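K.L.:
These are the residues of each chain, in order.
Number of protein chains: 2
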Amino acid sequence: MSDQQFPSKILENAVNEFAKLPGIGKKTALRLVLFLLKQEKESNYRFADAITTLSEEIKYCKSCYNISDSDICSICSNPRRDHSIVCVVENVRDVMAIENTHQYQGIYHVLGGLISPMDGTGPDDLTIAPLEEKLKKGEVKEIIFALSTTMEGDTTNFFLFRKFASYDVKFTTIARGVAIGDELEYADEVTLGRSLVDRLPFDKEAL
Amino acid sequence: MSDQQFPSKILENAVNEFAKLPGIGKKTALRLVLFLLKQEKESNYRFADAITTLSEEIKYCKSCYNISDSDICSICSNPRRDHSIVCVVENVRDVMAIENTHQYQGIYHVLGGLISPMDGTGPDDLTIAPLEEKLKKGEVKEIIFALSTTMEGDTTNFFLFRKFASYDVKFTTIARGVAIGDELEYADEVTLGRSLVDRLPFDKEAL
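Top to bottom, those sequences are chains A and B. Note that the UniProt record's numbering gives residue 104 to position 104 of the first sequence, counting from 1, and the numbers run on in steps of one. Note that the UniProt record's numbering gives residue 183 to position 183 of the second sequence, counting from 1, and the numbers run on in steps of one.
Quick caveat, the hints were computed from the structure, so don't treat them as lab data. Bear in mind that the values here come from a model prediction, so they are computed numbers and not experimental data. Worth double-checking, as some hints may not be accurate.
All copies of an identical chain are treated as equivalent in the list; a pair is satisfied when it fits inside any one copy or across any two copies.
Quick list of in silico lysine to aspartate or glutamate cross-link-like pairs, DMTMM-like style, CA-CA up to 25 Å [said to hold, decoys possible]:
{"id": "1", "residue 1": "Lys9", "residue 2": "Glu56"}
{"id": "2", "residue 1": "Lys62", "residue 2": "Glu40"}
{"id": "3", "residue 1": "Lys163", "residue 2": "Asp82"}
{"id": "4", "residue 1": "Lys20", "residue 2": "Asp125"}
{"id": "5", "residue 1": "Lys38", "residue 2": "Asp94"}
{"id": "6", "residue 1": "Lys59", "residue 2": "Asp94"}
{"id": "7", "residue 1": "Lys26", "residue 2": "Glu56"}
{"id": "8", "residue 1": "Lys27", "residue 2": "Glu152"}
{"id": "9", "residue 1": "Lys59", "residue 2": "Asp82"}
{"id": "10", "residue 1": "Lys38", "residue 2": "Asp69"}
{"id": "11", "residue 1": "Lys38", "residue 2": "Asp125"}
{"id": "12", "residue 1": "Lys20", "residue 2": "Glu42"}
The whole structure should be built from the sequences, with the hints applied where relevant.
P.N.:
This is the structure in structure tokens:
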């Protein structure tokens with residue numbers, strides 16, 4: 001499609017804009033644009049407006065750096081959450097995923113990325129300094145690392161653990177093991193191996 | 001994700017707008033929105049602007065109903081194209097696909113859809129009347145049907161053929177057969193059967 005002749009510059013421009021989105025190629029972009037053309041103008045104005053509003057008005061919580069509509073997000077400003085436990089995550093998607101479990105009552109700290117020399121993301125690009133500020137205040141008792149088990153996640157985990165080692169805080173990571181509902185034979189050997197090493201006392205209640 | 005709690009109404013609104021696009025679910029929508037948030041504002045303004053411009057300024061050629069920046073598109077206004085041959089297609093994507101072959105020198109007529117009782121699209125929703133106007137002028141010698149070989153495509157083909165049967169015009173359809181580069185054993189039996197029935201004299205030059 002790269003040498004495709006568009007019958008209209010406006011069409012071509014819209015397709016090119018959509019094709020900049022991750023995972024959207026030129027063909028999909030054209031399909032999306034033709035869908036918009038079939039819609040009522042009002043719907044498209046709402047769509048364009050949502051994008052503009054997103055860019056102009058979205059805020060990041062000044063405490064945990066999660067996306068928020070106010071200066072302090074609803075989690076950080078909730079007095080019923082345990083502010084002594086901080087769960088360190090990569091981004092807002094992880095916060096939403098953990099919130100969805102209804103198993104966590106502490107607060108979060110959103111790093112905004114992971115250390116990745118390949119992508120040019122270093123520690124200074126993440127919200128590590130404000131996390132250290134929280135530790136210095138001495139109110140945090142436990143830091144839970146909930147980062148992806150990728151090269152980048154492990155690197156970031158290790159970096160943070162070393163950097164904060166001198167603080168009197170308990171460091172934990174989320175449990176790795178065979179997913180609930182998974183057939184044992186299909187679990188990859190690294191995960192299965194880890195789940196054996198990290199075996200737990202049998203708990204009748206959990207079944 | 002349906003009962004997902006978003007940390008921000010603005011974020012939720014943007015995600016919902018993206019999720020209205022065909023083939024984009026809530027998870028993908030969130031991924032796209034987070035991508036936009038990482039971009040510079042200027043890029044997002046350009047994106048929103050492309051959508052607004054698309055809705056406000058795009059035109060349809062008054063002759064062939066293809067998308068165009070002017071009243072008559074560049075194909076219809078080109079005197080070097082053969083205006084006596086009209087290729088009937090469903091939409092602009094088909095025009096672009098055929099133009100890309102560089103094998104066609106006639107003009108087009110874009111129906112804007114296919115007859116589909118399931119989707120509530122009837123003949124009156126398509127640009128059939130203006131096509132008949134073209135036929136009445138007597139300048140058209142051949143109509144090439146280049147519609148999809150789906151139920152809807154075949155229905156539309158048949159409807160148009162019957163409707164225009166009284167005009168002194170040659171009706172053709174694009175050839176159906178085994179795709180070039182395809183292994184014969186993987187061709188579906190309907191296509192393979194049709195390619196046998198419609199077999200052509202051996203042409204050394206085509207190899």
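K.L.:
Now tell me, hint by hint, if it's right for this structure.
P.N.:
Status of the hints after comparison with the structure:
When the C-alpha separation of Lys9 and Glu56 is checked against a cutoff of 25 Å, the pair qualifies only between copies, where the shortest distance is 14 Å, while the shortest distance within a copy is 28 Å. Proximity of Lys62 and Glu40 under a CA criterion of 25 Å is satisfied inter-copy only: 20 Å between copies versus 39 Å inside one chain copy. When the C-alpha separation of Lys163 and Asp82 is checked against a cutoff of 25 Å, the pair qualifies only within one copy, where the shortest distance is 24 Å, while the shortest distance between copies is 74 Å. With identical chains, the CA atoms of Lys20 and Asp125 are at most 25 Å apart within one copy only, with a shortest distance of 23 Å there and 33 Å across copies.
Within a single copy, Lys38 and Asp94 get their C-alpha atoms only as close as 35 Å, which misses the 25 Å cut-off; across copies the closest is 16 Å, which meets it. Taking identical chains as interchangeable, the C-alpha atoms of Lys59 and Asp94 lie at most 25 Å apart only when both belong to the same chain, with a minimum of 18 Å there against 43 Å between chains. In this homomeric assembly, Lys26 and Glu56 come within 25 Å of each other (Cα to Cα) only across copies, at 22 Å, whereas the closest approach inside a single copy is 28 Å. For the homomeric pair Lys27 and Glu152, the shortest alpha-carbon distance between copies (22 Å) is at most 25 Å, but the shortest distance inside one copy (32 Å) is not.
Taking CA atoms no more than 25 Å apart as the test, Lys59 paired with Asp82 passes inside one copy only; the shortest distance there is 23 Å, against 58 Å between copies. When the C-alpha separation of Lys38 and Asp69 is checked against a cutoff of 25 Å, the pair qualifies only between copies, where the shortest distance is 17 Å, while the shortest distance within a copy is 33 Å. For the homomeric pair Lys38 and Asp125, the shortest alpha-carbon distance between copies (12 Å) is at most 25 Å, but the shortest distance inside one copy (42 Å) is not. Taking the shortest alpha-carbon separations for Lys20 and Glu42, both the intra-copy value of 24 Å and the inter-copy value of 14 Å come in at or below 25 Å.
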